[in-house]
Each structure stands twice: as C-alpha cells, then as structure tokens.
Amino acid sequence: MSDNELIWRVAGGSGDGIDSTSQNFAKALMRSGLDVFTHRHYPSRIRGGHTYVEIRAAGHNVQSRGDGYNFLLALGDSFARNPQEDAYYGNEELKPLAENLDELREGGVIVYDSGLIDEEDAASLDLEARAEENDWHVYPMDLRSLAREHGREVMRNTAGVGVTAALLGMDLSHIEDLMEDAMPEKILEPNLEILHEAHEIVTEEFEFTHDLRIPEGEHDEEQALLSGSNAITFGSIDSGCRFIAGYPMTPWTSVFTLMSQHLPEIGGISEQVEDEIAAAALAVGASHAGVKAMSGSSGGGFALMSEPLGLAEMTETPVVLLESMRAGPSTGMPTKPEQADLEFTLYTSQGDSQRVVFAPGTVEEAYDQTRMAFYIAYEYQIPAIIIYDQKLSGENTNVPVSFFDREPEPTLGSTLTEAELEEAVHDASGKFHRFQHETENGVSPRSLPGQKGGRYLATGNEHTPEGHICEDPDNRVTQMDRRLQKLEEIRRELDEEHESQQTYFGEEDATYGIITWGSSQGVVEEAVERLNEQGHSVKGVGVSDMMPFPEQEMTEFLESVDEAMVVEMNVSAQFRGLIQKELGRYGEKLTSLLKYNGNPFEPAEIVEGYELNIEGSDTEPTAQMRLEPAAGD
Amino acid sequence: MSAFNAIGEERDIDRNEFTPGLEPQPTWCPGCGDFGVLKALKQALPEIGKTPDEVLTCTGIGCSGKLNSYLETYGFHTIHGRSLPVARAAKLANDGLTVIAAGGDGDGYGIGGNHFMHTARENHDITYIVFNNEVFGLTKGQTSPTSPRGHKSKTTPHGNAKSPIRPLSLALTSGATYIARTAAVNPNQAKEIIKEAIEHDGFAHIDFLTQCPTWNKDARQYVPYVDVQESDDYDFDIHNRQEAQEMMFETENALHEGTVLTGRYFVDERPSYQQEKKELGEMPTEPLAERYFDDDYEWERSYDLLERHK
Ligand SMILES: Cc1ncc(C[n+]2csc(CCOP(=O)(O)OP(=O)(O)O)c2C)c(N)n1
Ligand code: SF4
Ligand SMILES: [Mg+2]
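Which chain is which? The protein sequence lines are H and Z, in order. The first sequence begins at 1 in our numbering and counts up one residue at a time. The second sequence begins at 1 in our numbering and counts up one residue at a time.
Keep in mind that the hints were calculated from the coordinates and are not lab data. Accuracy of the hints is not assured; some may be wrong.
Here are the simulated SDA-like cross-link-like pairs (lysine to any residue), alpha carbons at most 25 Å apart as the crow flies [unchecked claim]:
no.	chain 1	residue 1	chain 2	residue 2
1	Z	310	H	261
2	H	452	H	471
3	Z	140	H	461
4	Z	277	H	468
Sequences are here, hints too, so could you generate the full structure?
Have a look at this one:
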C-alpha cells in the first residue's frame, strides 16, 4: 500500500448528484496526472437510500479500490424528508456520515455539510472521541448555505469539491475546465462562484491539522476515463457490431443503454424487445441475415436465452452475448457483484453444446476481449460470451487515449460473397452446401439470405450439408465432430496466433500462486504486489479464457507452484472446479478463498487469506469470506 | 452495387423453382392441411415476382415448422415459438428481403404468444402464417390454445375447460395491419390472401385453417367455408376497426358452431415499424447488411467517440 494515495469518498442520498460530481472530480484528478480508479456503492434499499462513490488516485498505477479510504465528504441525505419514516430509517440525513466511519483510515479527513447534518447530531456519533482515537481530522462546513447563497441547494456538491480541493492543496484549474465543458452558462456561473468561495473560505479560515495532500503524478500521454461497460461498448463498435437487442436488467443495462445511445448515431440498430428470449433470438436473426449482432443480460435474463443460444450453436450462427452477473440465485441482490454464474454460462443449453466464454479482468481487457469475441464468433460461427459483473461494469479507470487508436474490424468472418458462391458446392435443386462435411478447421463458410446462389436451410435439428433435417447416424457423427472440432481450433489459434488473454503478475519463480478470474483480477494483482513487498514470494494469474480452457497455460502455472489459492466471488468454488475438471488433477494443490456477501474482495482480505492458508491456522477469517483448504490438507 | 443480387431481380420465374428436387419429400400425413399452405405459397410467390433467393422463410417447431423444408427459399427452422423474433430481426438487418414467418397454433398463440403480440404491435413488415389445426400436431394431438372448449385429448381426458384464443381479435388489438383467415381447402383464396399479405407494408397475419386428420378427427375439414367478402350475408368495412372487430368476433364464434368463415378482416395503412424507425433516425435507410460488403464505407471507430471521457 502506498501512503501517497488519495481515496476520496463522497456520500449522500441517491438523488444528491454524487455520480456526476464524482465523475468530474475523477476526471480532474486524472487530468492532473494521477491514475484513478472509481468504485460505486449501490444502496441495497429500494427507497432511495444513501450511497457513495469512491475515487482512488495515486501517482502510480491503481487497479483496485484499495482498502478503506482516507477522505470523506459526507453531504448528508437531502432527500430524507419524510419525518414519519424516522421510526424505520432513523436519521437519514446523518447516515452518509454515520455509516461510513468504520472504513475510514487512521489520519483520515472528514468534511461534512453542517447545513444538513446537525453538529449536535454529529456529536451523538461520538465523533470527537473517535476522531481523537483514530487521528481523524474533522471539518464541518455549511455547504448548503453557501450553495443557496450563490445558486441552488443542489450545488452543495460543488461546494464540497471546493472544500476538498482546498484541504488537499489541489489546484482548481482542471475542475473549472470540466465544469465549463459540462455546464450550461446559466448554472456555470453560480457553480464557479460556489467553488471559489468554498475554496477561499477553507484556505483562509481553516486551520489544517491533517497531513493528507493531493498526490503527485504525471502522465506521458492523454488519458480517458472509462468503465468496463464503456470498454465493451467500444470493443463492439470497433468490431463493426451494428445491432443490439435487449431487455433491461441490472447490471447488463449499462452496456445496453450505451449501445443504444451510440448505434443510431453510427447507422446501427438497437431494439428493446419483449423479453430475453426474443432478445437473443433477434441477435441470431440479425446475424443470420448478415449484420454483426449482440445481445446480453444478467443471470435471470440470461437464463431465458438458453434456447436461442443453443439454436445459434446448432445453426452455427455467429453471435456475441454478454452475461453481466449479479448476486443470485433468482432475483438475488440486483446491484451486488458476484461471480456465481460461471458454470451456468459455460453449460446452459441442452446437448453437447459449446460456446466461447471470456472473462475480462480490466477495462482494457474488456475492450480487447470483446473484439476477440466478435472475431472468433464470426470466424468460427459460434456464440461467444463475455462474462463480467457489476464491479467491472461500473468501475472507471484511466486508459491512454492512444489505446483506442486502432483500425475497426467489421469483417463478417467466414461468409461468402456471391462471386464465391458461384464456385461453391450445390445440390441438384440448387441448394448451397452450407454445412459441409469436409472442412479444414471445422468451419463451413456461410451464405446470407438475398445472395444469389446461397439458398440453404438453417435448422436447430441435426442436418445434412444443405441443411435438410436428418437423423442418419453417420451424418450425425460427422456433423457433431465437425462442430466440436471448432473449439479445439479456437484454442489452437488463441495459443499460437494471439497474445495470451491471461494476465500474470508477481514473482516469476515464486512457488505459491494466487489464481483468479474476471473482475477480481485487479484486487488480486494488488494483493500479490503487497505480499511480495512484505517479503513473501507469490505470483498470480488472472484467467480470462473460460472456454476453451487454457489448458497449456494453466498446467504450466500449476506445475510451477507447490500450492495455489483460487480467489473468486462465489460460494461453490466454480472456477476451482473448472480447473480440476479441465486438467483432471491438482485437487491437492488448490485452496479456495471465497466471498459472497455482495461486496468485492479488498486487497487486504486476500493478503489475510494467504496468511491463513500458509500458516494453516484454524482461525476464522476476520472478513466475511471463506477459506476452503485443498483436498489433501 | 448490391451484395444481394437476388433481391429485386427481374426475371421469369418458374413455379417449380420453389419445389425441391427429390429430397426432401414432405412427411406430412395424407390429407394434412399443411400441404395447402405449401401449395398456395408456391403459387403466390412467383405471381408477385419473388425468386427463391430473395425470400427468407422462418418457421417454428411443429408439423407446420417443416414448411421451409419443402419450400425452396432461404429457410430458418428456428425453435418452438420463436420464429417471429428471428424473422423480424432478419428484416431489420436487410429490409430488401421478403420475410415470411410461419408456425403452428401452439407455436404462435401459445409458447410464442408474447412475440405475436409484440410483433403485431410494432408492425414489422413481415408476413406471419399460423397453421391453425386446433391441436398440437407434432407431439401427437394434445390440446392447443385454439382447441375448442370440451375438446378431448390425452392431456384433457375429460374435455378442455378453457375457451380457445381468438386469433383474429388478438391480432387486431395487438396492432397487426393486415389480418385474414383462410383455409387449406380453399386454395385460390389462400393464394390471393398470401399475395396481399406479402405485398402489404406492415405486419400481415394469416390465420390459416389446416385440418389435421390424424389428431383432430372432431374438426371437419373446414368445409363448407364461406368467404365473407363474397357472401351477401356479411357486409363490413375492412378499414373500419369496429366493424372488423365485430366480424372477427362472429367468425371466431362461428367456427365452433360449425360455420367456417374466411376472408380479409382488417387492413390498415399505418406505417410499418421499419418506416417509423427510419423516420426517427433509429435505423439506416440503406439495408444494414449491405454495409459489410461496401469496401468504401468508412467505419466509425471508438477513438472518435472519446471526447466525453477525456
Ligand atoms: C421449448 C419446447 N417445448 C416443447 C416442445 C415440443 N413441441 C414440439 S412441437 C410442439 C407443439 C406443436 O403444435 P403446433 O405449434 O400447433 O404445431 P403443429 O404440429 O400442430 O403444426 C411441441 C409442444 C419443443 N420442441 N420445444
Ligand atoms: S399430425 Fe396432423 S398436422 Fe401433423 S402432419 Fe399429420 S395431419 Fe398434418
Ligand atoms: Mg397445431
């Protein structure tokens, strides 16, 4: 852990505008040369509820939210207005202050809006004594009056940002620029006044007792602030995807809405449809007719896609689907991240079905692997799924702008043109042999409806080369083998022709490994770094290829260590199970560290899991997580 | 230059082009009404100048779903109940195509009922033929959403307690803009209705009575039938929603009282979904599928969309 980092938490009611405020503040930090990472907490209650956003910023690379935080801006909940509900909800206004104290680090700074949070109420939290004990530095300030004086009450966010900047010794120029870009003239003026006034009051009148200051940093090139959802959207656009069909469901909705904003602007089509069965079926229909298409959902909606997914596999229709996991089962915890849909995604749909599944670990990987998913889907005529979760979907981090400076890849893959169809094999009545028995790599190129000379039947029934329904045993075995061969060919291509999609970190010659998959990667990476700094010798890998499984790479990794801990956000150790199933061994080497309380891992928890594992102590983990020792232990 | 030269191709079309060679031969039972739909389509398509390669026929699962096995067009035999979402997406992807969806009464009014309602509401420019034999044919005669009250089958041994769905009325309230009923025993009317439906700009629904002599012995062969346009006993305006509604209601009741009424019931000029979407700027005016073959097209890229993120 670096001391020289800021983890700023802004807490308020869910209508207090903390999203836009934090987004802009994160950008200001990024523009000032820092690496940033944001984390959004979602209220678990239906009725508004208070929430927070955290921004971690440092002069070095940050890949997780970190542990705890060191600066609280408690706005209070301005939407907590119904006195009758006191009995149920307690003092709502106080909660953004009261409920965030536990995770505040020693030496941390607290700013709260004394216009909304009564100083007497604050006193009831024992704030003074706790501040003393933890070396917290508390700065109450009447943000509300300041906002009202120059503009409207909602602008107290801006006042809060002004106070923050002043206390951190941060220059206002980037914040001003961003406000100028984002705000119409009418509200810009009062906001700027509020910002400056707040900054001035603090600088001139407050006596600073804290040490925390804005970290220093510099980027050697321009950065952009993006979430995993942005990256998946951009990866899709750059793959030439111009069709999406969907039905809203948290957290998948964020990609769906982003695509729906972009597509009409770039001549694409977005369809909100009656249900997820239709959504997946539409994606299949659009792709069948020659457009690069996608759909997606979260657990429950993805369950409805099971049958169209199988149809795509059987008819060899390329399609990309997203599975944006949330805590299950059933409706589960809609806004909480979990990695418990892995097995479901790998195996849903009847028969010996097969598909490609990638689990990106970072924003950059989300972009790259979305492109890879489209490439593979259209080249090999197979569904490709991106599995991710609320955590990756909502976390924003900075990526160099140049990262996106690449050529789009709108190719339809193994699809023939009319000229090529003239040369192709047809049956006596002119049907094109769309599903040929003999192929090089299992892929039999397709035609598109409307092309001259490409007529065939696509069917979910077993079929002959021209697509006729057929239950002949020889044809059956030939077609099954051909389709299944594609997955092996994809594995071969991924191994031989592309950079590995697995991310390795830590000390290469370490004999203890930490394995994770998908969105837990950044946290694990940070934990491994920390363990090595503490003198342990540990290496780690964030796995993205779920199917086809990276057998070779994982065997090499597991052969190189004596012991490994698999970290994942579920209770049934699904990825550990997958490793054992695919490799047929290593049960005695693999310990699991599991968490399923709705909150992602923090680096310190993984460090603790490691310590418990190597010390073999019988003590229970302090955090809500579970350590399941290796089979032989 | 188009990458889809079958679309709009002007040439003489031989009726036999829509019939496959030796294989596959229809496996429908002798006397099955499904033959009537196949025949009517084979006649209708060339008469309106369509060639096999510019037509996409999407079917569901059932005896009826085999339609595109025996009809030479591009075909997509989908899954039970899902022909409509596949069909309408294909039309959105390439709106030069002539898209026909087809399936059984169980397929379209039961398991796929939600898609029926919404595809009609959205008024997609496709034709939907429902083979209504009032039973589940393929799975051996179980009661279907259109089986009459009292209908006995292995799943309702004491008779069906449910009233049948009203397919025409449902299409009307849902928003279909061309609605007709025809019968396999009336090939000329069927052919004409199919032609009109395909040429109609919007969602055209044909409830096609197809007798199932194997499992639905109670139902007669849908004879004698009456064409409501030709009969002097009926007089209503197919452009008038109220009048159409009453006529549909009467037709649906009459079927179970032994009178088979057929004909056109409703035609509306409401713009199709494709038209609406294009007008709003939510859909390109050129067929989207063409773009992937246009070497000069400058594909937009995310690099140019980053401004908001900097
Ligand atoms: C999801 C699903 N459920 C059930 C079936 C089994 N099934 C196949 S066809 C059919 C009903 C057929 O009835 P209908 O749609 O009226 O078509 P028909 O055979 O009468 O033409 C059923 C239940 C299936 N294939 N898929
Ligand atoms: S079972 Fe009925 S619907 Fe099916 S083919 Fe035979 S007659 Fe036709
Ligand atoms: Mg039926």
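Check whether the Cα positions of residue 140 of chain Z and residue 461 of chain H lie no farther apart than 25 Å. Holds: residue 140 of chain Z and residue 461 of chain H sit about 19 Å apart, inside 25 Å.
Agreement of residue 452 of chain H and residue 471 of chain H with the hint, judged by alpha carbon distance not exceeding 25 Å: 29 Å, violated
Agreement of residue 310 of chain Z and residue 261 of chain H with the hint, judged by alpha carbon distance not exceeding 25 Å: With Cα atoms ~18 Å apart, residue 310 of chain Z and residue 261 of chain H stay inside 25 Å; holds.
Taking only the CA atoms, is the gap from residue 277 of chain Z to residue 468 of chain H under or equal to 25 Å? 36 Å, violated
Consistency with the previously given hints fails for numbers 2 and 4, ordered from lowest to highest.
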